[in-house]
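J.: The lines below spell out each chain.
Number of protein chains: 2
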Amino acid sequence: MWQEEIELKAKKAKRASRKLCRMSTEVKNRALTSIAEEIEAHKPDILSQNQKDLDQARASGMSPHMLDRLVLSEERLKSIQEGVLTVASLPDPVGELFDMRTLPNGLILGKMRVPLGVIGAIYESRPNVTVDIACLCLKSGNACLLRGGKEAIHSNISLSRVIREALRRSEGGEDAVQLIESTDRALLLPLLSMKEYIDLVVPRGGAEFIRLVSENAKMPVVSGGIGVCHTYVDRSADLSKATAIAFNAKVQRPTVCNALDTLLVHEAIAQEFLPRVAQEWGRAGVEMHADEHSFSILKSLQDVKVIPATDSDWGKEFLSLTAAIKVVGSLDEALEHIGAFGSGHSEAIVTSDLKSAQKFLTEVDAACVYANASTRFTDGEQFGLGAEVGISTQKFHARGPMGLKELTTYKWVILGSGQVRP
Amino acid sequence: MWQEEIELKAKKAKRASRKLCRMSTEVKNRALTSIAEEIEAHKPDILSQNQKDLDQARASGMSPHMLDRLVLSEERLKSIQEGVLTVASLPDPVGELFDMRTLPNGLILGKMRVPLGVIGAIYESRPNVTVDIACLCLKSGNACLLRGGKEAIHSNISLSRVIREALRRSEGGEDAVQLIESTDRALLLPLLSMKEYIDLVVPRGGAEFIRLVSENAKMPVVSGGIGVCHTYVDRSADLSKATAIAFNAKVQRPTVCNALDTLLVHEAIAQEFLPRVAQEWGRAGVEMHADEHSFSILKSLQDVKVIPATDSDWGKEFLSLTAAIKVVGSLDEALEHIGAFGSGHSEAIVTSDLKSAQKFLTEVDAACVYANASTRFTDGEQFGLGAEVGISTQKFHARGPMGLKELTTYKWVILGSGQVRP
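Residue numbers (my numbering), protein chains in the order written: chain A, 655 to 1076; chain B, 655 to 1076.
Rather than coming from a laboratory, the hints here were simulated on the basis of the structure. Among the hints, erroneous ones may be present.
Said to hold, decoys possible - Simulated restraints, written as ranges between beta carbons of each label pair:
1. A:Arg669 x B:Glu728: 22 to 30 Å
2. A:Val910 x B:Arg823: 44 to 52 Å
3. B:Arg865 x A:Phe752: 31 to 39 Å
All values reported here derive from a predicted model rather than from experimental measurement. Ideal Cβ placement from N, Cα and C applies to all residues, glycine included.
Put together the whole structure using the sequences plus the hints.
T.: In C-alpha cells, the structure reads:
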C-alpha cells in the first residue's frame, strides 16, 4: 500500500514537472515568497511537530550532537525563511541561452538551460533540508520527491504541508513537492527502480547508505558527502594564517565532511609550525596521529594529545576531533599523498608562493580546491548558491555543492531559415 | 589472457590520463598535427589494411550499405585528416575558468574546466570513429580506450598504430590512446566493470547493444543514438521550405538516427502541402504510412506509395525510406504527439510564426530542437564541434552531439587570503 502511494506520488511529481518546467520566474518567486510567509504563519504548529520528533529522539537515547541537528527553533526557522528568500532572489537558470554561435550556413545554434524533471532526494535527520531541496528544485523548474529520515518525520510532514499550502495559494501547483511519509527502509528499493518518473536521485547520509543507493538506483545518482580532506602548509606559508586555517578546518565543526582530516606540512617549516598548530589544537581537545617526523617534534609538548600514526590514519575520514599529521619533503610529495588518499572532496594549500598555489589548484583532482582558505567553506550557502541539494564528489554532471544550475541540463536549440544538409 | 591485456591497457590509459590532463595546448596541438601527418605518411598501409577488412566483409556477404560505411579511400582519409586539423584549431576547453565571482568575505570562487580522465568508447563498423574519438579525447585532455567493431579491426589497428606513433614522436605519450585488439563480445563485461580505470563509457551502435552496455557498466555511461524524429509543419509554414526540409530530413540519408520518422502536418495546410511533399518523396522511393486524414488526401495520387498507418508506426525509428504521416489540429496536438512518441533526439517545426517557433523550441523536451531546418544537422561536425564522440539522448551530463566540452567536467577553485568560516 505504501509502495503504491510512493508510485502515485512519483507520477504526480512527473506530471507536475511538465508544468513546472515552463513556469515563469515571477510565478516561481511568488511561490517561494509564499513559502516563507506560510512558515511564518505556521510557526507554532511546525515547532510543536518538531517537539514530537525531539521527544521521541530523546526517549530513544539520541546523542546530543544528533539531537542538535534535529532541533527547529524560532531562530532556525528564521534562518530557513531567509534561505527561501535568498533562493527567490537568485537568477532563474531556466531558459538561459549559452554557447550561442552562428554557423557559416546561417543556422543560429546554441544551448538552452532546462530543468532535469523530477529530483528524488533521500536524506537524514535535519529537517531544514526538506525546505532547502524543495525550494532549489522549485526555482530550477524541477518537481521533487522527498524522503527524509524517520527521526524528523513529524517536522518534515509539517514543513511539506506548509510548502504545499503555499504552492496551492500561489499557482505553483502543490504536486511539485511530494513527501514520502513512510520511512520504512524496505521501500527504498521500489523507489530506486522508478526511473520512468524520477530523473535524478541525490542521496545524503553515511558512506554505507550512499553505496546502497548508488548500487541499486536505476536512474542517475549524484552522490558524495564522504570527505577525506587535506590541508597542506607549504614552506612559504604565512604561519599565522596557516594556524588559523588548520584550526578552523579541524575544530569549527569536526563532524562534517569538509572538516580537515590530515595536515601535511613542508619539512622546512615543520619545526616552527607544528608546535604552534598543535598547541591551538591541543587546547581545543584535538587528538593528533603523527607520522615519525612530526611525532618527534610534538611528543615533548605539554597539553598536546599526540600518538604515532598508523597506516590506517591516511585516507581516514575522522568526523571527530582527531587529525593525522605528516611531514612532506616537497609540494610534489604533498600532491602525491593527496592523489593517493584524498576522496575528491575538498583540499587546501596554504602558501605565499603564487606558483605553488597555481600548481596545487591545477593539479589536485577534487571537487573543491583551495589556496589560503579553510576547507570548511565547501557548502552551497557559503558559495553563494542559496542552499545546496548535496555535495557531489563524482565527476559526472555536477561536482561540489549542487545549487540551482546543477539541477538543470540543456538542450540544443537551432534557428534556421530553411537550411537543409548538403 | 585478453582480459589481462585489456586491464593492462586500461591501467596504462589511467596513468597516461594523469599526465595528459596537465598537457599544454601547444603540445596537444602538435600531437594532433603529427597525427594528420602520420596518416598521410602511412596512407598505403592504412588502405591495404582496410582492403583486408573489405575483402572479409564481402566474403561474409555484408550489405552494400554496411560495406560503404567500412570503406576508407584516399578521399575519406583526406577528410579524416582535415577533421584532425579542425580539432587542433578549436579552443582548448581545459583550464577554462567560468562562473567566477568574489564573495563578500573576499574569497574568489569559480569553476575550472578539467578532463574526465579515461573515456571508454565502444563502437561499430566505421573506422573513422577511431580517429575522431582519439583526437577529441586528446584535445580535451582525456586518455581513451577504444573498442571498435570486428568488421573494421585491421583498419582500426592500423589507424591506432599511426596515432600512437604520432603521439610518441610529439611527446604526446603514446599510452593516451589504447585500442583493444580483441573484438570478442565476451570481453565486454570485464571491460564494463573496470570503473577504477575508466571514468566514462560511450557506446555507439544499435538499441540492443546500447542497452547491454548501459545495464552492465559499473561506471557512468552516456548513451543515445536512437532517434525517433518528428518534423511538424505549422499552418503558417512556408510550404516550399517545408517541402525541402521534409525531403532532406527523410531522404538525404535515411539510415541514420537524425533522419525524419514522422511528419506532422497542421490540418489547415494538409490539403495543399501533403501532395507536394508526397510527390517529392514518391520520386525518391519513400513509402508513406498515413493516418486516416492524410491517407484520404494521398490515396489517389499517382506514383506515391501510401498505406494506412497502424499504431506501431508512431514512435518507430524506421532507418529506411519509410515515413509515418499524421494530420494534427494544432501546435499543441503536435507537441503532445512528440511528447508521447519522440525519443528525445531531434525534433523540428517549420513555421513563419515567431510565437509558434518559440513555443516549440521552449516546450519540446529533446536533445536538439529546430525551427525551420532539417533534423539531419544533428551531428558534431555540422554543429562546429570538429567531430563527435557520440550523440547523447539522456539528460544527464551531456545532451546531443558530444564534442570537446562534453568530455570535460569542472572543479571549484577558491582563492583566499586566510579566510576561515565564522
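J.: Which numbered hints turn out to be false for this structure?
T.: Going through the list in order, the structure violates hint 1 alone and respects the others.
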